[in-house]
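Peer 1: Build out the structure end to end from the sequences listed, making use of the hints.
Line order of the protein sequences matches chains A and B. Position one of the first sequence corresponds to residue 0 (numbering that gives the first Met the number 0), numbered consecutively onward. Position one of the second sequence corresponds to residue 0 (numbering that gives the first Met the number 0), numbered consecutively onward.
Because the hints were derived from the structure by calculation, they are not lab data. Hints should not be assumed to be uniformly reliable.
Calculated pairs, DSS-like style, for lysine-lysine (alpha carbon to alpha carbon, straight line, at most 25 Å) [claimed, not checked]:
no.	chain 1	residue 1	chain 2	residue 2
1	B	Lys123	A	Lys17
2	A	Lys181	A	Lys161
3	A	Lys263	A	Lys238
4	B	Lys150	A	Lys72
5	A	Lys238	A	Lys218
6	B	Lys61	A	Lys153
7	A	Lys70	B	Lys20
8	A	Lys72	B	Lys37
9	A	Lys70	B	Lys61
10	A	Lys153	B	Lys158
11	A	Lys70	B	Lys37
12	A	Lys238	A	Lys260
13	B	Lys158	B	Lys137
14	A	Lys260	A	Lys153
15	B	Lys158	A	Lys70
16	B	Lys158	B	Lys123
17	B	Lys50	A	Lys72
18	B	Lys61	A	Lys17
19	A	Lys72	A	Lys17
20	B	Lys123	A	Lys72
21	B	Lys150	A	Lys17
22	B	Lys137	B	Lys150
23	B	Lys50	B	Lys37
24	B	Lys158	A	Lys280
25	A	Lys125	A	Lys162
26	A	Lys153	A	Lys70
27	B	Lys50	A	Lys17
Quick look at which bits of chain A chain B covers, simulated, 3 or more residues with Cβ under 8 Å [said to hold, decoys possible]:
no.	segment
28	12 to 20
29	58 to 65
FRET-style restraints, in silico, Cβ to Cβ [to be verified]:
no.	chain 1	residue 1	chain 2	residue 2	range
30	A	Asp3	B	Arg107	31 to 39 Å
31	B	Lys137	A	Glu156	46 to 54 Å
32	A	His177	B	Asn74	51 to 59 Å
33	A	Thr317	B	Ile104	54 to 62 Å
None of the values given here were measured: they were computed from a predicted structure. Ideal Cβ positions, reconstructed from N, Cα and C, are used throughout, including at glycine.
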Amino acid sequence: MEKDRIYFEGLIARYFSKEATPAEIGELSSWVNENPENAAVFGESRYAWMAFEEVRITGLADVDEAWEAFKDKVGIREETRSAIGSQQSKRAIPMYRILLRIAAVIVILAFPAFHLYKYLQQPAIKEFAAGTGRAETLLPDGSHVMLNSGAVIKYPEKFKGKKRAVSLDGEAYFDVAHNASKPFIIATDGIRVEVKGTSFYINTRSWSGDFELVLTSGKVELYFENQPGQSRVLNPGEKAIVHGNQIIISPNTDANYMAWKTHKISFNNEPLNSVAATLSKVYQANVRLGNSSLASCRLTATFDNQSLESVLNVLKATLDVDIRNSGSLVEISGKGCR
Amino acid sequence: MNPEHGLSRSQFEILFRTEYKGMLLFAIHYVKEEEAAKEIVQEAFINLWEKRESINPEREVKSYLSASVRNRSLNYLRDNKRFNGTLLSLGGLLPMPAAEEVNTIEIRELSGQIHRAIEELPEKCREVFRLNRFEQMKYQEIADHLNISIKTVETQMSKALSHLRSRIRQT
Chain A
0 MEKDRIYFEG LIARYFSKEA TPAEIGELSS WVNENPENAA VFGESRYAWM
50 AFEEVRITGL ADVDEAWEAF KDKVGIREET RSAIGSQQSK RAIPMYRILL
100 RIAAVIVILA FPAFHLYKYL QQPAIKEFAA GTGRAETLLP DGSHVMLNSG
150 AVIKYPEKFK GKKRAVSLDG EAYFDVAHNA SKPFIIATDG IRVEVKGTSF
200 YINTRSWSGD FELVLTSGKV ELYFENQPGQ SRVLNPGEKA IVHGNQIIIS
250 PNTDANYMAW KTHKISFNNE PLNSVAATLS KVYQANVRLG NSSLASCRLT
300 ATFDNQSLES VLNVLKATLD VDIRNSGSLV EISGKGCR
Chain B
0 MNPEHGLSRS QFEILFRTEY KGMLLFAIHY VKEEEAAKEI VQEAFINLWE
50 KRESINPERE VKSYLSASVR NRSLNYLRDN KRFNGTLLSL GGLLPMPAAE
100 EVNTIEIREL SGQIHRAIEE LPEKCREVFR LNRFEQMKYQ EIADHLNISI
150 KTVETQMSKA LSHLRSRIRQ T
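Peer 2: Now the structure itself:
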């Protein structure tokens, strides 16, 4: 099954790069239609490939050419380039035209220069990214941030003004230095989290695509960028999910929300599919169930800073399942539990 | 001209040059066809040009522009119901998903995710992928060029796509 998977992932890439033969396309087609999982792999691959192509094609677009085409269309004429202009160029250039040109040069230069000046006035923005592992950093106010892989935080070199504002993309744990007179604000797309000395977990792009926040201690206010007056307050132990334009607050039931940071995992009669999801997240691995009947197996266990390998060994021993670990994919197989 | 209102010719050129690619990506994401997308973006700029004297350059321009590109893209899709763009003639295996509503922030994010994902690829894998996508080389040509087996090219391409897939999730 896993061999199959590797073969078809290769075939999908060949299909998109137009290397696949008609017979192979037929073969791929029946594989895709075999079951929803295969169709999902294909659909996700197509989305990623097309998104890449969109970015690639856009990157290659010629802005100069587009601007010329636009000018032709709306009939902007640049006098210096028009036919009449070049015929006249042998004559002495009248004074007013010289003035006009100088003025034009100033206008065009003045704009970028103005922006550059404004930009230089602001404190430099620093960017800190976690890459493929976890990473931690201290912010200029002493607040501590732990980023999970792929997360990026941007913050000014110095917090000037009345607020401490940072922007976050991804998953992170914040321990914010207390400073009541200077609120700490985390900005993500359209959502603002305002903090008053506190620690909490935040994920701006959870698996479901929603924004998630779990508060460990202190107090946090959550609001939409365009509705700062309508904030929701979170208490410790609560979890907020922002789904579309709704903020949903509920008690946090996920005991392992911090496991990516602490590598402490506890399962309490947890179904195996959710165990697989937690392990995938904590170990940055791709842990999957070979068949869906395995989801009926439940696990109760605690792991403290153990390797994925030893966690998998425990699964094998307690649940009577088989595990194949190829590095890129961990597949749990077996008959399922009752 | 009142400096508070309206765009001068040079301001317009600056706007065009800074926003063009973002708008193009926005349109391509909807219509999946390069030429159609270029036309849509040009029309949106022409429409803006016609209104340049009444528009507030600080505030409205960008949202006006992106709304205009989005509406034109959706109209284009409505009028051209076939959904197999020339960008990628990938019909066949599964029906194309319906156009999702996106905004320019999401598009900018998508572009960032893709750049990051490409940077994350191991060097050899990235080189194979680059030769295929940017130099338009066939697998065999890449194998000859890098003096590796075609099997290795296949593996690297598959790896690159799997990585992209794991990083670029449709939300």
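Peer 1: Now, for every hint given, state plainly whether the structure supports it.
Peer 2: Hints versus structure:
1. B/Lys123 to A/Lys17: Holds - the C-alpha atoms of A/Lys17 and B/Lys123 are around 21 Å apart, at most 25 Å.
2. A/Lys181 to A/Lys161: holds (5 Å)
3. A/Lys263 to A/Lys238: Holds. A/Lys263 to A/Lys238 sits at ~19 Å (cutoff 25 Å).
4. B/Lys150 to A/Lys72: Violated - the C-alpha atoms of A/Lys72 and B/Lys150 are around 50 Å apart, more than 25 Å.
5. A/Lys238 to A/Lys218: holds (12 Å)
6. B/Lys61 to A/Lys153: Between B/Lys61 and A/Lys153 the Cα gap is close to 24 Å, so the pair holds against 25 Å.
7. A/Lys70 to B/Lys20: With Cα atoms ~17 Å apart, A/Lys70 and B/Lys20 stay inside 25 Å; holds.
8. A/Lys72 to B/Lys37: holds (13 Å)
9. A/Lys70 to B/Lys61: holds (20 Å)
10. A/Lys153 to B/Lys158: violated (30 Å)
11. A/Lys70 to B/Lys37: Between A/Lys70 and B/Lys37 the Cα gap is close to 14 Å, so the pair holds against 25 Å.
12. A/Lys238 to A/Lys260: Holds - the C-alpha atoms of A/Lys260 and A/Lys238 are around 17 Å apart, at most 25 Å.
13. B/Lys158 to B/Lys137: At roughly 17 Å apart (the allowed maximum being 25 Å), B/Lys137 and B/Lys158 satisfy the hint.
14. A/Lys260 to A/Lys153: holds (20 Å)
15. B/Lys158 to A/Lys70: violated (44 Å)
16. B/Lys158 to B/Lys123: Status holds; Cα separation ~11 Å.
17. B/Lys50 to A/Lys72: Answer holds: B/Lys50 to A/Lys72 is near 15 Å, not above 25 Å.
18. B/Lys61 to A/Lys17: violated (38 Å)
19. A/Lys72 to A/Lys17: Violated, at roughly 36 Å.
20. B/Lys123 to A/Lys72: It is violated: about 45 Å lies between the C-alpha atoms, which goes past 25 Å.
21. B/Lys150 to A/Lys17: OK: B/Lys150 and A/Lys17 at ~16 Å, within 25 Å.
22. B/Lys137 to B/Lys150: Roughly 13 Å separates the two Cα atoms, so the pair holds.
23. B/Lys50 to B/Lys37: Cα-Cα ~20 Å, so holds.
24. B/Lys158 to A/Lys280: holds (20 Å)
25. A/Lys125 to A/Lys162: With a Cα-Cα distance of about 17 Å, the restraint between A/Lys125 and A/Lys162 holds, given a limit of 25 Å.
26. A/Lys153 to A/Lys70: Status violated; Cα separation ~38 Å.
27. B/Lys50 to A/Lys17: violated (44 Å)
28. 12 to 20: Per the Cβ count (6), the hint holds.
29. 58 to 65: holds (count 4)
30. A/Asp3 to B/Arg107: 31 to 39 Å: holds (37 Å)
31. B/Lys137 to A/Glu156: 46 to 54 Å: For B/Lys137 and A/Glu156 the Cβ distance comes to about 48 Å; the hint holds.
32. A/His177 to B/Asn74: 51 to 59 Å: Roughly 53 Å apart at Cβ, these two residues keep to the hinted range, so it holds.
33. A/Thr317 to B/Ile104: 54 to 62 Å: Distance hint for A/Thr317, B/Ile104 is violated at roughly 46 Å.
Checked against the numbered hints given earlier, this structure breaks hints 4, 10, 15, 18, 19, 20, 26, 27 and 33; the rest are met.
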